[in-house]
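Respectively, the protein sequence lines represent chains P and E. Just add 2 to wherever you are in the first sequence, counting from 1, and you've got our numbering. Just add 2 to wherever you are in the second sequence, counting from 1, and you've got our numbering.
For the record, the hints were derived by calculation from the structure and aren't laboratory data. Treat the hints with care, since some could be wrong.
Stated by the list, open to error - Residues on chain P that point at chain E, a partial pick, calculated with CB under 10 Å:
{"hint": "1", "residue": "18"}
{"hint": "2", "residue": "234"}
{"hint": "3", "residue": "269"}
To be verified - Computed list of chain P residues with no C-beta within reach of chain E, every gap over 10 Å:
{"hint": "4", "residue": "12"}
{"hint": "5", "residue": "21"}
{"hint": "6", "residue": "78"}
{"hint": "7", "residue": "83"}
{"hint": "8", "residue": "120"}
{"hint": "9", "residue": "233"}
{"hint": "10", "residue": "243"}
{"hint": "11", "residue": "246"}
{"hint": "12", "residue": "258"}
{"hint": "13", "residue": "277"}
{"hint": "14", "residue": "308"}
Stated by the list, open to error - DEER-style ranges, computed between Cβ atoms:
{"hint": "15", "chain 1": "E", "residue 1": "206", "chain 2": "P", "residue 2": "15", "range": "35 to 45 Å"}
{"hint": "16", "chain 1": "E", "residue 1": "196", "chain 2": "P", "residue 2": "12", "range": "36 to 46 Å"}
{"hint": "17", "chain 1": "E", "residue 1": "214", "chain 2": "P", "residue 2": "259", "range": "30 to 40 Å"}
{"hint": "18", "chain 1": "E", "residue 1": "43", "chain 2": "P", "residue 2": "313", "range": "21 to 31 Å"}
{"hint": "19", "chain 1": "P", "residue 1": "10", "chain 2": "E", "residue 2": "210", "range": "36 to 46 Å"}
{"hint": "20", "chain 1": "E", "residue 1": "61", "chain 2": "P", "residue 2": "168", "range": "28 to 38 Å"}
{"hint": "21", "chain 1": "E", "residue 1": "215", "chain 2": "P", "residue 2": "87", "range": "53 to 63 Å"}
{"hint": "22", "chain 1": "P", "residue 1": "234", "chain 2": "E", "residue 2": "37", "range": "32 to 42 Å"}
Computed from a predicted model, the values in this text were never measured in an experiment. Virtual Cβ for every residue (Gly too), placed ideally from N, Cα, C.
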Amino acid sequence: MLRFVVRRLILLLPILIGLSLLVFLWIRALPGGPAQALLGERATPQAIAQIEHEYGLDKPVYVQYLRYMQTLGRFDFGQSVTTRRDVTTELKQKFPATVELAFGAMLFSIVFGIPLGFFAAKRYGGAFDNISLVASLLGVSIPVFFLGIILKYVFAIRLGLLPTVGRIDVLIDLEHPTNFYLLDALIAGDIHAFFDVLKHLILPAVALGSIPLAIIARITRAAVLDVQNEDYVRTARAKGMSPGIVDRRHVLRNALLPIVTVIGLQVGFLLAGAVLTETVFAWPGIGTWLVDAIESRNYPVLQGGILFVALVFVLVNLIVDVSYAFLNPRIRLS
Amino acid sequence: MSIAELESREIQLEAPQGLWSDAWHRVRRNPGALIGFGLVTMFVLVALLAPWLAPYGPRQQNLSLIREGCCPGPSRDYLFGVDALGRDEFTRILFGARYSLLIGVVSVAVGLSAGLVLGAIAGYFSGLVDSVIMRLMDIMLAIPGLLLAIGIVAMLGPGIFQIMIAVGVVNIPVFARLLRGAVLAQRVNDFVLAARSIGVPRRTILMSHILPNAISPVIVQGTLALATAIIDVAGLGFLGLGPQDPATPEWGTMLTGTIRYLQTAPHLAIIPGVAIVVSVLGFNLIGDGLREALDPKLRGRA
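Chain P on its own, in the form it takes in the complex (with noise of 0.2 Å):
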């Protein structure tokens, strides 16, 4: 198990390594240039000299990688074009955000998406798993920002039960130690903003985690009827185990690998997906962030957030993969 995650670490270094190789390049490939991106696209020819001598951009391009380096090293992305502030800065308190939409999107597509399909794999064939196939496929071919509008149109405009924009009511006054709104909240001990920002939450959330639930759902559907026609599943049913211990025993807990599989990889899908849904319900996350760094050629902030969003990918992989080994006792015990 312990050679199994270093294996998986020695095998991160090479895509970090190239990750950081290609966005090196990808700067350098930008319109301007790095000096112009840095200054901005009415910088004069004396200030983009003197920011590629500050930043060694005269140099060999080997040594100007090396340097890039160590200052990805120190986590430094350079400053924001358009606010003046470290990027580090900003991205401390946009991530939060995301990753509170990503969670509770999460959250909603397992919740749901799990006992989906566990129901409509013991109904096979029956009225519910031929709804639960067409609404998952009518989830995976729906776009997130259209769902998104949907719901919003719904829920906050016709019915106007929950709000339409943005992450907590202006009128609340809230410190944000750690930027997770609920986290603020349940720190200030305010159950009025905690509740306000759940609200807040709830049709982002359920905006981007639909396609993840119909997906989760297809695949423990399949995983659990694949399960259901094993021989040890016969053979506990033979031995007169009850259905409820046999299906949490035997069916879902093998059926739980491939579920965790698909689920880790929804986390890309959950981070893209997130600069969609942002966008739709305002939500001052690493999506609207890098929108808006598009738009005003901030391309600090793009390198910063790209770089920082793919290592998160990375990492939440790896995680995948070993909690996989962890479930998977034919690798666990090895």
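We have chain P already, so just place chain E on it with the hints.
Chain E only, in chain P's frame:
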């Protein structure tokens, strides 16, 4: 039971007619796939015939239709209503099909051809070439697809051509991995060994023995990739990274401005969205149907 008790009985045996006609027979019995074919045929016809089907021009404005700040909903003259600039929404949806289809097909073609070449080379030559190509693909997969596309658009600048490239590049590692796996599996087949032993050149083996046998998962993936490409393209358009001329009737771009009018003119958001869903659904249904028809493991199941 003795042998004498066994009664001989005639059974229906269908002679196998080759992979494709078999697959076609199975697809025909799959109602989902047929609906998918119907939807996609409609989508393609609309895209081709848009100038003849559309009652107005896609950029033709009639500002006198705008009342109290925004736009009247569906009516007899304007089936899907009118947008904020007094343009017929029905016409724009019809013309939008052209953009979605063109961008989707081109971007998948870009990803597919580059991915095929890389995957086939990696799978057939193995060794160092394989490692280098596949690590590169791993790095590309380390960035979530839409973000990679956004990064590429940031580099190339927004526009129709640029989003085709961006979505295409995102697709490269998917196809490369798929084809490499398929080629690796085919490489050890007896007929490949036989061809090698009689001295058939490597390239001929790859092109005429391995690729044709490895192609069916690629076709399935290609159809499903078309569905995701349409979604991704609409997403990039929605973020304002698509065609820079706001009058272009691209579905994703059409959705962008409509959130503002959600209260007064919900049809402006709903109609392009439904158009996207219907076309994506069509490709997904075909893809699923083809997968069931071509996958030997699923053959013979009801």
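Status of residue 246/P, Cβ more than 10 Å from any chain E Cβ: holds (29 Å)
Residue 78/P clear of chain E by more than 10 Å, beta carbon to beta carbon? Non-interface label stands for residue 78/P: nearest chain E Cβ at 20 Å, farther than 10 Å.
Close enough to count: is the Cβ of residue 18/P nearer than 10 Å to one in chain E? Status holds, d = 8 Å.
Is residue 12/P truly not at the interface, in the sense that its beta carbon sits beyond 10 Å from all beta carbons of chain E? With a cut-off of 10 Å, residue 12/P remains clear of chain E, as the shortest Cβ separation is near 13 Å.
Does the CB of residue 269/P sit less than 10 Å away from some CB of chain E? With a minimum Cβ separation of about 8 Å from chain E (threshold 10 Å), the hint on residue 269/P holds.
Holds or violated: the 36 to 46 Å window for the beta-carbon distance between residue 196/E and residue 12/P? holds (40 Å)
Residue 215/E and residue 87/P, beta-carbon distance inside 53 to 63 Å? For residue 87/P against residue 215/E, whose Cβ atoms are near 57 Å apart, the range 53 to 63 Å holds.
Return holds or violated for the Cβ distance of residue 214/E and residue 259/P against the range 30 to 40 Å. holds (34 Å)
When you take the CB atoms of residue 61/E and residue 168/P, is the distance between them in 28 to 38 Å? holds (36 Å)
Just to be sure I understand the hint, the distance between the Cβ atoms of residue 234/P and residue 37/E should be within 32 to 42 Å; is that true here? For residue 234/P and residue 37/E the Cβ distance comes to about 39 Å; the hint holds.
Is it true that residue 206/E and residue 15/P lie within 35 to 45 Å of each other by Cβ? Holds - the Cβ-Cβ distance for residue 206/E and residue 15/P, about 39 Å, lies within 35 to 45 Å.
Least C-beta distance between residue 233/P and chain E, which was stated to exceed 10 Å: At about 19 Å from chain E, residue 233/P clears the 10 Å cut-off, so the statement holds.
Comparing the model with each earlier hint shows violations of hints 2, 5, 13, 14, 18; every other hint is respected.
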